[in-house]
Structures are given as structure tokens and as C-alpha cells.
Amino acid sequence: MNTKKINRITLTALLVLGLIFPFFADYYVLCIGINVLIAALLGQSWNIMSGYAGQFSFGHAVFFGIGAYTSTALYTMFGVTPWLGMIIGAGVAAAVGAIIGFLSFRYKLRDDYFALATLAFAEIFRILVNNTKSLGGATGILIPYLQNPMEYQFASDKTYYYVILIFVALATVYIALMSKSKLGLNLVAIKGNQEAAAALGVNVLKYKLIAISSSAAFAALAGTFYAQYYGFIDPSIVFASSISVEAIVPCIIGGSGTLYGPLLGALLIIPLQEICNSLFTSISGVNMIVYGAVIVAFILFCPDGIFGRIMKIKGKKGAKK
Amino acid sequence: MILLEAKDVCKYFHGNKAVDMVNMTINEGEIVGLIGANGAGKTTFFNCLTGYYKATSGTIAFMGKSIEKAKPHVICKMGVGRTFQIAKPFHGLSVLENTVVGAYNKCKTKSDAYKKARECIDFTGLGDKEGLDAASLNTGEQRRLELARALATQPKLLLLDEVMAGLTPTESAEMVELIRKIRDSGVTILMIEHIMPALMSLSDTVYVLDQGRLISKGTPEEVSADKQVIESYLGKSAEV
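Note that the protein sequences, when read in sequence, are chains A and B. Here the first sequence is numbered in our numbering, starting from 1 and rising by one per residue. Here the second sequence is numbered in our numbering, starting from 322 and rising by one per residue.
Don't read these hints as lab results, they were simulated from the structure. Every residue, glycine too, gets a C-beta built ideally from N, C-alpha and C. Treat the hints with caution; some may be incorrect.
A few chain A positions that, by computed beta-carbon distances, are all more than 12 Å from chain B [what the hints assert, rightly or not]:
1) 23
2) 35
3) 80
4) 81
5) 96
6) 137
7) 144
8) 155
9) 163
10) 167
11) 237
12) 279
13) 284
14) 290
From chain A, some residues computed to sit far from chain B (all C-beta separations above 10 Å) [what the hints assert, rightly or not]:
15) 5
16) 8
17) 9
18) 79
19) 115
20) 123
21) 131
22) 141
23) 149
24) 150
25) 193
26) 242
27) 272
28) 280
29) 294
30) 313
Just the calculated beta-carbon pair ranges, DEER-fashion [what the hints assert, rightly or not]:
31) 15/A <-> 440/B: 33 to 43 Å
32) 245/A <-> 377/B: 37 to 47 Å
33) 459/B <-> 87/A: 49 to 59 Å
34) 415/B <-> 278/A: 37 to 47 Å
35) 398/B <-> 120/A: 31 to 41 Å
36) 180/A <-> 350/B: 37 to 47 Å
37) 415/B <-> 15/A: 48 to 58 Å
38) 456/B <-> 148/A: 49 to 59 Å
39) 80/A <-> 506/B: 24 to 34 Å
Generate coordinates for the entire structure from the input sequences, incorporating the hints supplied.
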């Protein structure tokens, strides 16, 4: 079985599952499905910048939050439809990403230090918005619910589900096209060794900025969706470090730098979270202990992620022949 | 025609003179050797030429254009390729894809880039390995991949930093042939090398660095007869 075949099987399985899932799910399970897809979109976003280009972000919440706040502020203050706000939010997030990237890379921040810088930026934005009265400050913004599809509001959760499914599909198609293009090769080369990449004529700074901006734009789409779906945002929700973690974990568990890794990762990690939450209600904290233990087990036994593991098993079988 | 001209190039690290007033002229079609003991400043000089370090003072011109302040990728675009002392294959990309990254330096379309990359892989003798992950190559193959990638950028001048280090005698001999083939294809070469027979047989001109300073230059015969060079680098055995 070659890589192409594995990819095709994974794609078909995920697509079929994604499309028919709402017909078999009750309200509660459908909510979990939507959360899986939000995590998948965040994971794919993180995948572009960190999985492919190797620029580890620990602050993806900054882009998620900017997406959520841009569309929500435009909607509640100026009546701009969140469909348009979503695109503006993605643009703003991409610009902020480029600025963060430019500042960090200009001062030659790399690896751990770059990761810390992204964490710092997420915190800066959280505190800024927390103290900005016109953006609702710490109390956040409640979005009036008009149930108007033109305003990115739907009567049925099924519709929300399919909307986020489309975004996840878009991100996945983007990565699929990217990974085989000049852009994708250059990003992987930069992850491998940026000096060597520059020696081959790759404008390292430019490609890093493209990676961080496009990654930011997808995270912002997830942010707007979150705001529209839950109808309420505040800085401690959308700029939270838990959001940044939610971008990282599916990608690493599923296989970072692989096309379907974040999707598989989200499919595993979010239901696991839910199961832990519902099983261990009597003693508080046990859910997180179990959840943490499972993640540790994954890191120990599956360091390349689920998809990386599949590829390795396949590689070994190929070698035996 | 003069391809590269370095004048009075200095590189200081906190007062430590790693490269001290080095002058070098490379003519088109030549193979120029650069030798010197470990720490003599050879790689630092390479890094100044290719934009990884900014020279503290001095000028460097490639085809008449000043490059001492240019960034590495710009210098590559202008036609200077290089390899690294420690091979740096991009893991997760196949041998072909590794080379395609270099080919995009000049190629505009995907099909051109892949065509150019295949050409370079065949040229360096990696043709049957194009689908393998670069991480799975052995040392000799990694060196060849470094060369293939650098060639794919279509350089006029190629800087080779110890491409024979760690190779078996057979592989070294093959590498000598390959370097000749590259020169014959019209690429000028500047190479750092510790394997003297290989370097002496290839080079038209040899430059010798010692503690950052240029202590000798000339044909391989002239340099290997130079007393100062023998003392500082080659050792007594070269006299025999």
C-alpha cells in the first residue's frame, strides 16, 4: 500500500464520516462533532505554520481571538454581516501574524524563543482587549441572536456543523495544494534547515511570513465561527492559552506536517476530553488526570503522531519486501 | 573574465580576526582551492562570500556587482551556489523534492523545476534514489545531494565546503571526477578541502589561509613548495 493509497482511504473515510455524521447524532453528540471540527480547523491552521514550516507557535489564540473579535465588533457596532467580518478578521489576523513574524524573525528569534514570543503576543492581546471598554472589556460581547443565515446565524446546529465542515475542508484542500507546490517545499526546507534553504535561493523571511499569515487567517475563521456558534465571547475565552493548546494538541497527536494528522488528532482528542469529563464527575480533576495520561501515552508510543505511525509501519513493511 | 573579486576582506568576532585582509580573484572556468589548518578562517571566508556573515570591512564583487551586503538568497539568485561542511538534507522531502527546492531558484514553472532537478540528480549519480527520503541517504549520497541541490540553482560559481570529508577513498575519487565534470559543464568552482591529493590534482590556483591571513597563493606546485605553507599547514612530509 503506498502513500497515495493511504491518503485516499483516509480522505474517503473522513469525508463520508464528516458528511453523514449529523444524521446519526443527537444534539449532544452533534455539539461534540462541532467542537471536533473547530479543533480540526485550529489544528490545520497550526499545521501550516508549525507542522510544515517548523515555526512553533504557542500563541495561536491570538489569531483565533482576533478573528472572533473583529467579526463580532464589526457586527455589533456597525452591523457588518459576520460573513464579511469573517473575511476582514482573517485579513487582520494575517496582518498581525506578519507583524509578529517580522518582529520575531528580524531579531532572529528561533525555536523555543519564537514559541515564547507568540505566547507573549497572545497574552498582550488578551490583556489589551480585557482593558478596552469599547470591546466590552472583561465582560465580553453578547451577540444578538436573530437566526438569520445572512448574519451567519442558523436555526439548526446541523447547519453550523456543515459550515465548519466546509472550512475544515477548505483548510485541508489548501494544505494539500500547498504541500506539493513551491511554497510547501520551501516551508519544509526552512523547517529542515533555514541556512541551507537560503543557500538554495529561498527567501526565508518571506516564506516564514507567508506561513504565519496563512496560518493566522485560518485560525481567525475558526474564531469567527466560535463567536457565531456560541453567541458570546470574552477575552479569557478566545485569547486563552487553552485555545493555543487546542491548536497544538490535535496536530501533534495526529501527526504534525501531515495532511490528515490534525483531523485524526481532533477526532480522537475532543471525544476523549468529553468522555473524561462525563465519566469522572464525582472527583474534580480526575478527568484532566486521565486526559493528560492518555496524551503522555501517545507522546511515548506514537511520537510521530497517528499518521506518522501509519506511515512508519507502512515503511517497515515496504522495507521487508 | 573575472567572476569574483574579494578585496581586503576582514571578519572580526569581538576583536578576534577570523578573516584578516584576504584578497581573492576567481576567473571564469577555474577551479580554485582554499586550504589551511582548522580554524584558519576558510569557512568564515565562505560565509562572508555567500552573505551568511557581513564582512567587517572590505569589498566583494560578483560579476562586477557588489555583494558584501547582500542576503544569502539574493547572492544565490545572482549565481553563487554553495554546499555546507556538514550536509544538511531536508528531512521529510524526497531526494527529488530536495533538489526541486534549489531548482526553483531559476525555474519559473513546476515542470521546469522538476526537469532541472532530475537532470542534476542524474548528473550527480543519484538517479535511482530520487524517490527516497533524504534522511535515509548515507554520507556519500548526502554529499551528492548537496551538490545536486546546489547545481539545480544553476550557479555560475559554486562554493564547495569540504565535499569529500567523511568519504571513502573510492567515493572521493568519484567526487573528484564529478567536480571535474561540473567544471567542464561551465561552472567555476571554489573549494575548501583537506584531502590534498584531490585538491592538488583539481585546482588551477590554490590559496592558503593561516590564522585568518592569506599566506600564499599560486599553482598547486608553487604552493606545495612554499616554506611558510609547509610549516603552517602541510607539514614536513610534503617536502619529501
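Checked hints:
With a closest Cβ-Cβ approach of about 38 Å to chain B, residue 23/A is found to remain outside the 12 Å limit, as its non-interface label requires. Remark: the non-interface label on residue 35/A is consistent with the geometry, its nearest Cβ contact in chain B lying 30 Å away (cut-off 12 Å). Non-interface status of residue 80/A relative to chain B is upheld: no Cβ of that chain comes within 12 Å, the nearest being about 39 Å off. Once the 12 Å rule is applied to beta carbons, residue 81/A is consistent with being away from chain B; the minimum gap is 38 Å.
Non-interface call for residue 96/A relative to chain B: holds, since the shortest CB-CB distance, roughly 25 Å, exceeds 12 Å. The beta carbon of residue 137/A is kept farther than 12 Å from every beta carbon of chain B, the shortest such distance being approximately 44 Å. No beta-carbon of chain B comes within 12 Å of the beta-carbon of residue 144/A; the shortest separation is about 48 Å. Listed as a non-interface residue, residue 155/A keeps its Cβ farther than 12 Å from every Cβ of chain B; the least gap is roughly 45 Å.
Consistency note on residue 163/A: stated as away from chain B, and its beta-carbon is indeed over 12 Å from all of that chain's, at 33 Å minimum. No beta-carbon of chain B is positioned within 12 Å of the beta-carbon of residue 167/A; the least distance is around 26 Å. At the 12 Å boundary, the C-beta of residue 237/A stays outside the reach of chain B, the nearest C-beta of that chain being 35 Å off. A cut-off of 12 Å between C-beta atoms confirms that residue 279/A is not in contact with chain B; the least separation is 38 Å.
With 12 Å as the threshold on Cβ separation, the claim that residue 284/A sits away from chain B holds: the shortest Cβ distance comes to roughly 42 Å. Consistency note on residue 290/A: stated as away from chain B, and its beta-carbon is indeed over 12 Å from all of that chain's, at 33 Å minimum. The Cβ of residue 5/A lies farther than 10 Å from every Cβ of chain B, with a closest approach of about 15 Å, so its non-interface assignment holds. Every CB of chain B is more than 10 Å from the CB of residue 8/A (nearest about 18 Å), matching its label as outside the interface.
The non-interface label for residue 9/A is consistent with chain B: the shortest C-beta to C-beta separation is roughly 21 Å, beyond 10 Å. Listed as a non-interface residue, residue 79/A keeps its Cβ farther than 10 Å from every Cβ of chain B; the least gap is roughly 45 Å. Listed as outside the interface, residue 115/A is consistent with that label: its C-beta sits roughly 20 Å from the nearest C-beta of chain B, beyond the 10 Å cut-off. Every beta carbon of chain B lies more than 10 Å from that of residue 123/A, the smallest distance being close to 32 Å; the non-interface claim holds.
Listed as outside the interface, residue 131/A is consistent with that label: its C-beta sits roughly 40 Å from the nearest C-beta of chain B, beyond the 10 Å cut-off. Once the 10 Å rule is applied to beta carbons, residue 141/A is consistent with being away from chain B; the minimum gap is 42 Å. Consistency note on residue 149/A: stated as away from chain B, and its beta-carbon is indeed over 10 Å from all of that chain's, at 40 Å minimum. With a closest Cβ-Cβ approach of about 40 Å to chain B, residue 150/A is found to remain outside the 10 Å limit, as its non-interface label requires.
The beta carbon of residue 193/A is not kept farther than 10 Å from every beta carbon of chain B, the shortest such distance being approximately 4 Å. With a least CB separation of 29 Å from chain B, residue 242/A remains clear of the 10 Å interface cut-off, as annotated. The Cβ of residue 272/A lies farther than 10 Å from every Cβ of chain B, with a closest approach of about 28 Å, so its non-interface assignment holds. In this structure residue 280/A is separated from chain B by more than 10 Å, as the shortest Cβ-Cβ distance comes to about 39 Å.
For residue 294/A, the shortest C-beta to C-beta distance to chain B comes to about 27 Å, beyond the 10 Å cut-off, and the non-interface label holds. Residue placement check: residue 313/A keeps its beta carbon more than 10 Å from all beta carbons of chain B (closest about 15 Å). In this structure, residue 15/A and residue 440/B meet the distance hint of 33 to 43 Å, their C-beta atoms being roughly 39 Å apart. Restraint check, residue 245/A to residue 377/B: a C-beta distance of roughly 45 Å satisfies the suggested window 37 to 47 Å.
For the pair residue 459/B and residue 87/A, the supplied restraint of 49 to 59 Å holds, since their beta-carbon distance comes to about 50 Å. For the hinted restraint 37 to 47 Å between residue 415/B and residue 278/A, the CB-CB distance of approximately 45 Å keeps it satisfied. Look at residue 398/B against residue 120/A: about 35 Å separates their beta carbons, and that is inside 31 to 41 Å. Take residue 180/A and residue 350/B: their Cβ atoms lie about 38 Å apart, and the range 37 to 47 Å holds.
For residue 415/B and residue 15/A, the hinted distance range of 48 to 58 Å is not satisfied, since their beta carbons lie about 27 Å from each other. Checking the proposed 49 to 59 Å range against residue 456/B and residue 148/A shows it holds: the Cβ atoms sit about 53 Å from each other. Taking the beta carbon of each, residue 80/A and residue 506/B are about 60 Å apart, not inside 24 to 34 Å as hinted.
Hints 25, 37 and 39 from the earlier list are contradicted by this structure; the remaining hints agree with it.
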